[in-house]
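Novice: What follows is each chain in one-letter form.
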Amino acid sequence: MQLIETIRQDLAKIREKRPLVHSITNLVVMNETANAILCLGALPIMAHAKEEVEEMVAMAGALVLNIGTLEPDWIDAMELAGRRANELGIPVILDPVGAGATKLRTDSSKRLMENVKISIVRGNAAEVATLAGLSSEIRGVESISASGMTGTAAREFAAAFKCTVAITGVTDIVSDGKNTARISNGHAMMGKVVGTGCISNVIIASFAAVEPDPFIAATGGLVAFGIAGEMAAKEAPEKPGTFHTELYNALYALDSTTLARLARVDVSTEGGS
Amino acid sequence: MQLIETIRQDLAKIREKRPLVHSITNLVVMNETANAILCLGALPIMAHAKEEVEEMVAMAGALVLNIGTLEPDWIDAMELAGRRANELGIPVILDPVGAGATKLRTDSSKRLMENVKISIVRGNAAEVATLAGLSSEIRGVESISASGMTGTAAREFAAAFKCTVAITGVTDIVSDGKNTARISNGHAMMGKVVGTGCISNVIIASFAAVEPDPFIAATGGLVAFGIAGEMAAKEAPEKPGTFHTELYNALYALDSTTLARLARVDVSTEGGS
Amino acid sequence: MQLIETIRQDLAKIREKRPLVHSITNLVVMNETANAILCLGALPIMAHAKEEVEEMVAMAGALVLNIGTLEPDWIDAMELAGRRANELGIPVILDPVGAGATKLRTDSSKRLMENVKISIVRGNAAEVATLAGLSSEIRGVESISASGMTGTAAREFAAAFKCTVAITGVTDIVSDGKNTARISNGHAMMGKVVGTGCISNVIIASFAAVEPDPFIAATGGLVAFGIAGEMAAKEAPEKPGTFHTELYNALYALDSTTLARLARVDVSTEGGS
Numbered sequence: 000m001q002l003i004e005t006i007r008q009d010l011a012k013i014r015e016k017r018p019l020v021h022s023i024t025n026l027v028v029m030n031e032t033a034n035a036i037l038c039l040g041a042l043p044i045m046a047h048a049k050e051e052v053e054e055m056v057a058m059a060g061a062l063v064l065n066i067g068t069l070e071p072d073w074i075d076a077m078e079l080a081g082r083r084a085n086e087l088g089i090p091v092i093l094d095p096v097g098a099g100a101t102k103l104r105t106d107s108s109k110r111l112m113e114n115v116k117i118s119i120v121r122g123n124a125a126e127v128a129t130l131a132g133l134s135s136e137i138r139g140v141e142s143i144s145a146s147g148m149t150g151t152a153a154r155e156f157a158a159a160f161k162c163t164v165a166i167t168g169v170t171d172i173v174s175d176g177k178n179t180a181r182i183s184n185g186h187a188m189m190g191k192v193v194g195t196g197c198i199s200n201v202i203i204a205s206f207a208a209v210e211p212d213p214f215i216a217a218t219g220g221l222v223a224f225g226i227a228g229e230m231a232a233k234e235a236p237e238k239p240g241t242f243h244t245e246l247y248n249a250l251y252a253l254d255s256t257t258l259a260r261l262a263r264v265d266v267s268t269e270g271g272s
Numbered sequence: 000m001q002l003i004e005t006i007r008q009d010l011a012k013i014r015e016k017r018p019l020v021h022s023i024t025n026l027v028v029m030n031e032t033a034n035a036i037l038c039l040g041a042l043p044i045m046a047h048a049k050e051e052v053e054e055m056v057a058m059a060g061a062l063v064l065n066i067g068t069l070e071p072d073w074i075d076a077m078e079l080a081g082r083r084a085n086e087l088g089i090p091v092i093l094d095p096v097g098a099g100a101t102k103l104r105t106d107s108s109k110r111l112m113e114n115v116k117i118s119i120v121r122g123n124a125a126e127v128a129t130l131a132g133l134s135s136e137i138r139g140v141e142s143i144s145a146s147g148m149t150g151t152a153a154r155e156f157a158a159a160f161k162c163t164v165a166i167t168g169v170t171d172i173v174s175d176g177k178n179t180a181r182i183s184n185g186h187a188m189m190g191k192v193v194g195t196g197c198i199s200n201v202i203i204a205s206f207a208a209v210e211p212d213p214f215i216a217a218t219g220g221l222v223a224f225g226i227a228g229e230m231a232a233k234e235a236p237e238k239p240g241t242f243h244t245e246l247y248n249a250l251y252a253l254d255s256t257t258l259a260r261l262a263r264v265d266v267s268t269e270g271g272s
Numbered sequence: 000m001q002l003i004e005t006i007r008q009d010l011a012k013i014r015e016k017r018p019l020v021h022s023i024t025n026l027v028v029m030n031e032t033a034n035a036i037l038c039l040g041a042l043p044i045m046a047h048a049k050e051e052v053e054e055m056v057a058m059a060g061a062l063v064l065n066i067g068t069l070e071p072d073w074i075d076a077m078e079l080a081g082r083r084a085n086e087l088g089i090p091v092i093l094d095p096v097g098a099g100a101t102k103l104r105t106d107s108s109k110r111l112m113e114n115v116k117i118s119i120v121r122g123n124a125a126e127v128a129t130l131a132g133l134s135s136e137i138r139g140v141e142s143i144s145a146s147g148m149t150g151t152a153a154r155e156f157a158a159a160f161k162c163t164v165a166i167t168g169v170t171d172i173v174s175d176g177k178n179t180a181r182i183s184n185g186h187a188m189m190g191k192v193v194g195t196g197c198i199s200n201v202i203i204a205s206f207a208a209v210e211p212d213p214f215i216a217a218t219g220g221l222v223a224f225g226i227a228g229e230m231a232a233k234e235a236p237e238k239p240g241t242f243h244t245e246l247y248n249a250l251y252a253l254d255s256t257t258l259a260r261l262a263r264v265d266v267s268t269e270g271g272s
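Chains as they are written, first to last, in numbering that gives the first Met the number 0: chain G, 0 to 272; chain H, 0 to 272; chain C, 0 to 272.
Simulated from the structure, these hints should not be mistaken for lab results.
Ideal placement from N, C-alpha and C gives every residue a C-beta, glycine not left out.
There could be a bad hint or two in this list.
As the list claims (entries may be wrong) - Here are the simulated lysine to aspartate or glutamate pairs, DMTMM-like style, with alpha carbons at most 20 Å apart:
{"#": "1", "chain 1": "G", "residue 1": "LYS109", "chain 2": "H", "residue 2": "GLU113"}
{"#": "2", "chain 1": "C", "residue 1": "LYS191", "chain 2": "G", "residue 2": "GLU15"}
{"#": "3", "chain 1": "C", "residue 1": "LYS102", "chain 2": "G", "residue 2": "GLU53"}
{"#": "4", "chain 1": "H", "residue 1": "LYS109", "chain 2": "C", "residue 2": "GLU50"}
{"#": "5", "chain 1": "H", "residue 1": "LYS49", "chain 2": "G", "residue 2": "ASP75"}
{"#": "6", "chain 1": "G", "residue 1": "LYS49", "chain 2": "H", "residue 2": "ASP72"}
{"#": "7", "chain 1": "C", "residue 1": "LYS49", "chain 2": "G", "residue 2": "GLU15"}
{"#": "8", "chain 1": "G", "residue 1": "LYS49", "chain 2": "C", "residue 2": "ASP72"}
{"#": "9", "chain 1": "C", "residue 1": "LYS49", "chain 2": "H", "residue 2": "ASP75"}
{"#": "10", "chain 1": "H", "residue 1": "LYS12", "chain 2": "G", "residue 2": "GLU141"}
Unchecked claim - Covered stretches of chain H (in silico footprint by chain C; criterion: 3 or more residues with CB under 8 Å from a CB of chain C, positions within the stretch not fixed):
{"#": "11", "segment": "21-34"}
{"#": "12", "segment": "58-67"}
{"#": "13", "segment": "151-160"}
{"#": "14", "segment": "207-219"}
{"#": "15", "segment": "228-239"}
This is chain G alone, in the form it adopts within the complex:
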């Protein structure tokens, strides 16, 4: 499949070019996401002061906005960095963590969607459903139920918001409004470690830093991270502490042969072949 070949090349490009991935993210996962970026082969930078985010993002290959432990000042910084990234053509990945759980989270997510051109929205079903105006149930930041976040709904969301959307769950769904991918990679142990959703954002961002098509970047990121999860689970079944450690080993060890061998993606194209 051409898609997998492109993803393989993107992985090689990340390691060759070492793009800087700038994250304005939550306090819970800073170290973990930075290490994931480094293990994959890109370079992490965390910077959130309004006084410097515009200057810092200008050096980056991609920008990640994650509202997991948001404060108003941080959202302001995200907006500043996002607008500057837009000016420079740098892709912006948004994780609307906990949208639907509190008004602040829902409003902040919508504000960022309105004021910044988001390249890729990555969330769980409840968070994306909230942004789509559908009903959902969320416990803290955990999706409990979200009615109707099917592939069709993802495609409609992407078309309406003119972005790529990546909804992670047992099967991940990525859509850019025209193409829709269903990714079966990943492992249940990934739900036993805090911040694997946040790590998926930065892996996607690392791909987006070298891959101009956001649909391919999001699909590539989720395939790569899903396979890393499978590799880690082989080393540490039912041991979340050890699994967490093995996840970094796997991101570092992941090579393009393994990626091609283990990738499980189905793509459908609207109106297409």
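Knowing the structure of chain G, use the given hints to seat chains H and C on it.
Specialist: Frame of chain G; chains H and C shown alone:
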């Protein structure tokens, strides 16, 4: 013993109900405490913005207030969340980290004790002694000495402040002013990893989310975590890095049979049987 | 060599006296640096509120200022804590993370150098070159190139700023303007884990808390940490997750015999031995 049987049932309830544990905590242990909650079987949420804490805590089964890297704004948020939890009957666990080390920490702890009905205070001997007005010596956040924090002092503290107090150390002491438990579980390696005190808070909070009696919740949490520490130390004696990883594995693996077999608790009741 | 013998004694002193190391540091490495301090044998404290830093630092044996995720309020707190440390004769270690990458970072580093008497500056070549007014290239916080940060430049920097400078890289360089050490300890895997630079700061600070000569403290810290890196790499070659865990095990296990056996330091003295 009936107490152990209740603790076993509470552990099962945590895993069945998956209560949300809301923490407003320090920047050093956010990831670690969130992972501990998840490994035990509950769901973590970290949220500290004044704009959302009242809404977030309303979904939670317990609230943890931890002043380890306090700022005035965060204490305000703790008070807001704590008052709302009180209105809704949600138990509040306070860790007065470093009370006695600086005026800000002592004052903030006292302010939270006064303005929020605290269900369980969890601290080391020096921190609790400070709140009790006794002399103590603390190096940063490490208790060096605390005169008189015996079981009797714990019982008097609990009676005076109308709360349950849990003082962790070589032997942990829990008292609600009437019942006093001495828990001998735990392992010296727990002192070689940063944040094990903070993890004990969230394990206690997970129990408090399903157990209405704070004395049982605090005792259950410390027994469960102490046993997890013993299990981890078996896998990684004298290796703090590996021990840290094994602690999460142990919290995840801990079952009610092991809990009953390894629990070491003595309870005395004032005026009682 | 007398230097190695002194470093050995300093390591023993850290474990005997357990000095408090106060860090005002970035949000990415708080847990990791605190655990490194604890594993080495000292006691960590993180406190950044302007209301308490002066009181907290008064208890400490050393103060670490690290601008990795700086905000203006944090820089103010760093300056307050630094000035108080100066009054009390407590050594201050500065890591100008990302100086050269943004104006905020360059200006904040220079401001701290001007307003606080810094005992030891620890950075990568690009960061130190920026402070020295030399040209450099930095990607986020990663040194890409820095012209002329040779041993001679380090010596001149130290002489000009009246401090000790420690420049970490493949070979670490430490100079106090008179003596210059080249340290060949360390391992390439240390570059595969986020925050090893930050950990080197706190190991140096732990030595500075017991060793009055900053040149010896900086050299000792880098030798000790470099050897720990070598020990960890033996356990986990090419596995950054496991290597990270083993780094803490190694800091804990490091003994003075191993230190003396593996230390690789060359010292040259201006005007000669």
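Novice: Kindly indicate which numbered hints from before are broken by the structure, ordering the numbers from low to high.
Specialist: 1, 7, 12, 13, 14
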